[in-house]
Amino acid sequence: MSAVIEDIRLQPAMVVDDVVKRFGRGDELVTAVDHVSFNVQQGEFVSVIGPSGCGKSTLFNIIGGLLGDYEGSVMIGDERISAPHPAVGMVFQEESTFPWRNVIENVAFPLELQGVPKSERMDRAHHFIDMVGLASFEKNFPSQLSGGMRQRVSIARTLVSQPKILLMDEPFAALDEQTRLLLGDKITQIQQELNQTTLLITHNLTEAVQLSDRIVVMTYRPGKVKRIVDIKLPRPRTSDVVGSDAFGHYVAEIWNDLREEATRGMADSESAAARRGSHG
Amino acid sequence: MAATGEMKAPARRAVAPAIGGAPVTARAVLLVRVVVALAILAVWEGLSRSGLFYGEVIPSLTRIVASLGKLLVDPVFYKNLQVTALETFTSLAIGAALGVVTGIVLGANRFLMRAFEPYVYYLSPTPRIILFPVMIMWFGVGPASKVALGALSAYFAVALSTAAGMRQIDAILIRVGRSFRATGWQMATKIYLPAMRVPILNGIRLGMGTAIITVLLAETKLSNQGLGYMIMQVYTRFDMPGLYAILIVVFAIAGACNALIGKLAREQV
Numbered sequence: 003m004s005a006v007i008e009d010i011r012l013q014p015a016m017v018v019d020d021v022v023k024r025f026g027r028g029d030e031l032v033t034a035v036d037h038v039s040f041n042v043q044q045g046e047f048v049s050v051i052g053p054s055g056c057g058k059s060t061l062f063n064i065i066g067g068l069l070g071d072y073e074g075s076v077m078i079g080d081e082r083i084s085a086p087h088p089a090v091g092m093v094f095q096e097e098s099t100f101p102w103r104n105v106i107e108n109v110a111f112p113l114e115l116q117g118v119p120k121s122e123r124m125d126r127a128h129h130f131i132d133m134v135g136l137a138s139f140e141k142n143f144p145s146q147l148s149g150g151m152r153q154r155v156s157i158a159r160t161l162v163s164q165p166k167i168l169l170m171d172e173p174f175a176a177l178d179e180q181t182r183l184l185l186g187d188k189i190t191q192i193q194q195e196l197n198q199t200t201l202l203i204t205h206n207l208t209e210a211v212q213l214s215d216r217i218v219v220m221t222y223r224p225g226k227v228k229r230i231v232d233i234k235l236p237r238p239r240t241s242d243v244v245g246s247d248a249f250g251h252y253v254a255e256i257w258n259d260l261r262e263e264a265t266r267g268m269a270d271s272e273s274a275a276a277r278r279g280s281h282g
Numbered sequence: 121m122a123a124t125g126e127m128k129a130p131a132r133r134a135v136a137p138a139i140g141g142a143p144v145t146a147r148a149v150l151l152v153r154v155v156v157a158l159a160i161l162a163v164w165e166g167l168s169r170s171g172l173f174y175g176e177v178i179p180s181l182t183r184i185v186a187s188l189g190k191l192l193v194d195p196v197f198y199k200n201l202q203v204t205a206l207e208t209f210t211s212l213a214i215g216a217a218l219g220v221v222t223g224i225v226l227g228a229n230r231f232l233m234r235a236f237e238p239y240v241y242y243l244s245p246t247p248r249i250i251l252f253p254v255m256i257m258w259f260g261v262g263p264a265s266k267v268a269l270g271a272l273s274a275y276f277a278v279a280l281s282t283a284a285g286m287r288q289i290d291a292i293l294i295r296v297g298r299s300f301r302a303t304g305w306q307m308a309t310k311i312y313l314p315a316m317r318v319p320i321l322n323g324i325r326l327g328m329g330t331a332i333i334t335v336l337l338a339e340t341k342l343s344n345q346g347l348g349y350m351i352m353q354v355y356t357r358f359d360m361p362g363l364y365a366i367l368i369v370v371f372a373i374a375g376a377c378n379a380l381i382g383k384l385a386r387e388q389v
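Residue numbers (the working numbering), protein chains in the order written: chain W, 3 to 282; chain U, 121 to 389.
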C-alpha cells in the first residue's frame, strides 16, 4: 500500500533528516542518535525498531519536541521541530493518565487546554472513547481500570487533539502478550478508519510487523538506521496476519538484522547499566 | 472490545491486611471507641466521687455538663470564640498561602531546595511561642501578634509538605502537559496543583493544628480576648467545671476542622 502512496508523490507528513543527538561531554560523550534519516508519508504507519540503547526514546523525544537541542532536522511541512508541535500527538510508554480525572475528563484534557467549550469537548471526547472501546467506562477513574484500558485512555486522549502524526513510544510495553495483540488490532482498526499517519517506537518485532507499512531498523549504540523494510502485508489487516507465511518471513528477515544489534546490546548491558543515566 | 481479554486490575492502592487475626470491621472499631470513651467517663466520675482529690480539681460529670450548657448560651463565650476563630483562620490563610508558594519554589528548584533546606528543617520544629515577645513588640498585644505567630507555625508545615508533594509528582504527567503544549498557568492549575492536592491539604491540616495551638497558647500568655484568655480567666477564678467545659468545646472544634480537611484530602484521590 505504501508503494501506492509513494506514487502519488504527496509531500511526506514528516521528514527526519540527518538527526544527531549527543549526551554528556568530553570523555563521557555518548552519541545516542547518529545521522538518522527517514520520512513518513501521509497515512502511513512506520515503526522504528531496535534493541534497548539504540536511541529510540531519544528520537521519540526529539520528534515530540520535548528535546529541542539536537543536530539535523525533523521537518513537518516547512517547520523544524524544536518544541512540542500541534501536528504531533504523543502517547507515552509509562502510565500517564491523570489519576484525579475520570476517563472522559482525561480524554477531554487537550481540548480543555485549547479552550473548547465544555459540551463540544465532551462530545468529541466521547467519540474517541467509543473508538477505543471504553464507552461504558467514561465515569470511571484510572485506578478502577486495567493497565490496557488505561493505555487506551491515553491513546484516546492523544487522538482527540486530532494530530496529523500519532507518535507512540512502546505504548504496549507494560502489557501482557494477549492484551498487546488485541490492542494492536484496535490500533490497526483506528489507523485505517482515520487514515492516521503513525510513527511507533518499539522493540517488539511481531508488533512492528503486525502494524506497519514500513519498519526502520536501528543499530545498537550509536543508533543509526541499519535498514528500512517495506511490509507488504495486505490491508485492511487484523491480528490474524500473525499466522501467515509472509508475516513469518518478515519477522525472520528483520530478526536477522536485529540479532547482531541485540547481541551487542546484551554484551554491553552490564557496562551500560553502570553508565550514568540511560538514553535507551 | 471493552475489557476483552483484560483482567480488571486491582486498584492502585491496596489495603494492607490487618495484623492479628480478627478482620477489621467498622462496627468493631466503633464499638471499641465507644467502650473506651465510656470507660474514661466512668473512671473520671469514680475519681470525682472518691474524694481523693482536692476540692474541684476533678469535678463531677454533671457539673461539667451544667457548665458546658451555661457556656454555650453565654454571649461572652461566642465573642471570644469569634476572636480566636478569626485569628486562627487568618493566620492559617496567611501561613498556608506563603507556605504553598515557598513549597512550590523549593520543590521546583533543586538548587534553592539544597540552599534553604537546613533553615526550613531546623527552624520548623522550634517552638514558635519563644518568639511571642518579639511578635508583641512588632505587632502589639492585640490579635495581630497572635496571627503573626500562628501564621509562622502554619507556614512551615505547609511549605515542607508542599515541597515534598512537588517532588513526588510523577514526571510523566508533566511530560504529558508539555506534549499538549500547556501554558505555565495551565501546568500549575491543571497538573501541579491537582497532583499535589493531597500533600497540600495534609500540610494545611498539620498547619491548622499548630496554628490553633499557637494562637491559644499566645492568648493564654498575654491578651484581653479569645478562648485562651477565657481559659486563663476561669482558671484564675478556679472555676474547674467551666475550664473543662471550654476545653471540651476546643477539642470538638479542632477535631471537626481536622475531620473536614481530612475528608477533602481523601475525596477522589
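To be clear, the hints were calculated from the coordinates, so they are not data collected in a lab.
These figures come from a predicted structure and were not determined experimentally.
Any given hint could be a false lead.
Claimed, not checked - Simulated pairs of lysine-lysine, PhoX-like, Cα-Cα distance not exceeding 20 Å:
{"no.": "1", "chain 1": "W", "residue 1": "Lys141", "chain 2": "W", "residue 2": "Lys166"}
{"no.": "2", "chain 1": "U", "residue 1": "Lys199", "chain 2": "W", "residue 2": "Lys141"}
{"no.": "3", "chain 1": "W", "residue 1": "Lys166", "chain 2": "W", "residue 2": "Lys188"}
{"no.": "4", "chain 1": "W", "residue 1": "Lys120", "chain 2": "U", "residue 2": "Lys341"}
{"no.": "5", "chain 1": "U", "residue 1": "Lys199", "chain 2": "U", "residue 2": "Lys310"}
Said to hold, decoys possible - Beyond 10 Å from chain W on every Cβ pair, some chain U residues (computed):
{"no.": "6", "residue": "Lys199"}
{"no.": "7", "residue": "Asp290"}
{"no.": "8", "residue": "Leu293"}
{"no.": "9", "residue": "Val296"}
{"no.": "10", "residue": "Arg298"}
{"no.": "11", "residue": "Ile311"}
{"no.": "12", "residue": "Ala315"}
{"no.": "13", "residue": "Tyr364"}
As the list claims (entries may be wrong) - Just a few of them, taken from the derived set where beta-carbon distance is under 10 Å, the chain U residues facing chain W:
{"no.": "14", "residue": "Thr246"}
{"no.": "15", "residue": "Gly304"}
{"no.": "16", "residue": "Ala308"}
Even for Gly, the Cβ is constructed at its ideal location relative to N, Cα and C.
Checked hints:
Using a Cα cut-off of 20 Å, the hinted pair lysine 141 (chain W) and lysine 166 (chain W) is violated, with the two alpha carbons roughly 28 Å apart. About 47 Å separates the Cα atoms of lysine 199 (chain U) and lysine 141 (chain W), which puts this hinted pair outside 20 Å; it is violated. The hinted pair formed by lysine 166 (chain W) and lysine 188 (chain W) meets the criterion: a straight-line CA distance of about 19 Å does not exceed 20 Å. Our distance criterion of 20 Å between C-alpha atoms is broken by lysine 120 (chain W) and lysine 341 (chain U), whose separation comes to about 55 Å.
With a C-alpha separation of about 41 Å, the suggested pair lysine 199 (chain U) and lysine 310 (chain U) falls outside the 20 Å cut-off, and the hint is violated. For lysine 199 (chain U), the requirement that its beta carbon stay farther than 10 Å from each beta carbon of chain W is met, with the minimum near 41 Å. Look at aspartate 290 (chain U): its CB is around 8 Å from the nearest CB on chain W, not clear of 10 Å, so calling it non-interface is violated. Residue-level check failed: leucine 293 (chain U) sits 7 Å from the nearest beta carbon of chain W, not beyond 10 Å.
The non-interface label for valine 296 (chain U) is inconsistent with chain W: the shortest C-beta to C-beta separation is roughly 5 Å, within 10 Å. With a least beta-carbon separation of about 6 Å from chain W, arginine 298 (chain U) fails to lie farther than 10 Å from that chain, contradicting its non-interface assignment. Not every CB of chain W is more than 10 Å from the CB of isoleucine 311 (chain U) (nearest about 8 Å), against its label as outside the interface. Residue-level check failed: alanine 315 (chain U) sits 7 Å from the nearest beta carbon of chain W, not beyond 10 Å.
Listed as outside the interface, tyrosine 364 (chain U) is consistent with that label: its C-beta sits roughly 43 Å from the nearest C-beta of chain W, beyond the 10 Å cut-off. Because the beta carbon of threonine 246 (chain U) sits about 35 Å from the nearest beta carbon in chain W, more than 10 Å, this interface hint is broken. Nearest Cβ of chain W to the Cβ of glycine 304 (chain U): about 12 Å, over the 10 Å cut. The hint is violated. With a cut of 10 Å, the hint placing alanine 308 (chain U) at the interface with chain W is violated, because the nearest CB-to-CB distance is about 13 Å.
In the structure shown, a violation is registered for the earlier hints numbered 1, 2, 4, 5, 7, 8, 9, 10, 11, 12, 14, 15, 16, in ascending order.
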